[in-house]
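Mind docking chain B on chain A? Use the hints.
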Amino acid sequence: MLKALLATPSTAAKLAQPDAAFEREIITAWYTGTHDVRGERQVATHTGALKWRSLGIPAPGQCAGRFGAWSQRPATR
Amino acid sequence: MQSQSVDVVIVGSGVCGGLVAARLASAGARVLILEAGPRVKRPEALAQYRSALIKVPESPYPNAPYAPRSSSDQPDSYYLQNGPDKFQSTYLRQVGGTTWHWLGTALRFVPDDFRLRSAFGVGVDWPLTYDELEPWYADAERELGVAGDAKAALDAPRSGPYPLPPIPFSYVDQRVAAALAGTEYTLQPTPQRATRSRIRIAPSAAAAAPVFRFVRSAQNTTPRYTSGWRSAPAPSWSSSEIVSQIDVGADARVSGLRYKRPDGSEGRATAKVYVIAAHGIETAKLLLQSRTTERAGRRGELERIRSGRNLMDHPTILSWALAGEPIWPYRGPLSTSGIESPRVGKWRREYASFRIQTDNRGWEWPGDTPDSTVRALVEQGLRGAALDRALADHSSREIAFATMAEQTAVGGEPDRARLRSPGRDRSSPPAHHLRDRRVHA
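Protein sequence lines correspond, in order, to chains A and B. Each step along the first sequence adds one to the number in the working numbering, with nothing skipped, and position 9 is 79. Each step along the second sequence adds one to the number in the working numbering, with nothing skipped, and position 79 is 85.
With the rest of the complex left out, here is chain A (with noise of 0.2 Å):
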């Protein structure tokens, strides 16, 4: 996969160089699970995004303990 992608053009003069856009780009898009796509913002992945890992908490939608933990502080805090 990373030889298609640095036989590119584009992607291999863009991993060539530092590129300060393109990696905070990339970051983003990790922490928030969500990419551009030919413009668009779409969602990569809800519960894998890694803003969830540094709060501590699992995305909104799974199972965060038994019923009632939201009233204590997250297990991991």
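Hints listed in this document are in silico derivations from the structure and should not be mistaken for laboratory results. All C-beta atoms in this analysis are idealised placements derived from N, C-alpha and C, irrespective of residue type, glycine included. Any given hint could turn out to be false.
Stated by the list, open to error - Here are a few chain B residues that sit away from chain A, every Cβ distance over 10 Å (derived from the structure): (1) 87; (2) 159; (3) 295; (4) 342.
To be verified - So the derived list for chain A, only partly shown, Cβ under 7 Å to chain B, looks like this: (5) 94; (6) 98; (7) 101; (8) 109; (9) 111; (10) 113; (11) 116; (12) 127; (13) 138; (14) 143.
Below, chain B without anything else, positioned relative to chain A:
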């Protein structure tokens, strides 16, 4: 054309239609529910919610072209609006109705709400009193499984306790309540519908918690009348059957309902009793497009019975801030408490009553957090552990309140909602034309 005949036909499968159907079927009536929207399966809704970029209450659900509706993020997509403020309330058209995105908030009106005109000289009085309605509130709370604290005075006298114990305060609520200590404001647990399945499976908490966290879509009444029905015969129900016309006979009584399906086929349902329970917007729309609101007066002139006149919302003001300590939102039901005392007071002669809802979802509404925080911090150059710390510090301290004001009926003023194009072909669903989302303030 398919033709069906029952004792009672109900238009709409939401909370009103569901409760009416349940009660009538228990009494032995043959009941048919006609629902315009599709049937939604829970796993599909969850998948659609996860993949939705903008997570508003309607995100998990289809917007069927044959039964269109508005959306929180696109208030002009269905309504044609010309009032000074946008009408932003939404509802769902699907089996189970808006119970699927209802927060579960089950506050009763207070006695003064029923006598606004006589007590305060504003709005209109209801044709019935709180005391007359109270036993029915209690019945509805039993059917829905409302959780609440009977000791919390909400200025709505109760004939009995809530069916279920109160939902625990969130950590956000506890910190807000502590901060309010010594002021004239008290934070109170919000009476909320709790799914019965949640209670039943509560001991296996791993299964229960995600259901409950997903309250933005979990509160649906469908299973109550589609399966596990206690008495025969259960109500029969349909999906994707869009009632387009109320037929009225020469005796001025309803003679039948006509409906269409997405494939173009049509049907007709007749009954002894007809219940139109299709939400404030769709009920008015159906009455208006059926022209049941028009009749010949004594001298042959056209009289109009007003429908859509008193469309009311709960206009909301959002306030948000950063707390001085972590309060850990983004967990639990979207809201579990509120300040209710401003709903009652002599000052209602001059000002709208209101309540202040504490949110458990940080600045998500309307700040698009935590994503907007991520973007700002990455832009500042934070990376790795520093980014994690800063994101957690900000997100854990986000506090938000939604202040929701009463909107009074308009009395003699022009109708608030009407058909966009009254003479339009009935096969295409006419949208509503909304004006003057007016607040008595």
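Hint check, failures only: Of the numbered hints given earlier, those the structure breaks are 4 and 8, listed in rising order.
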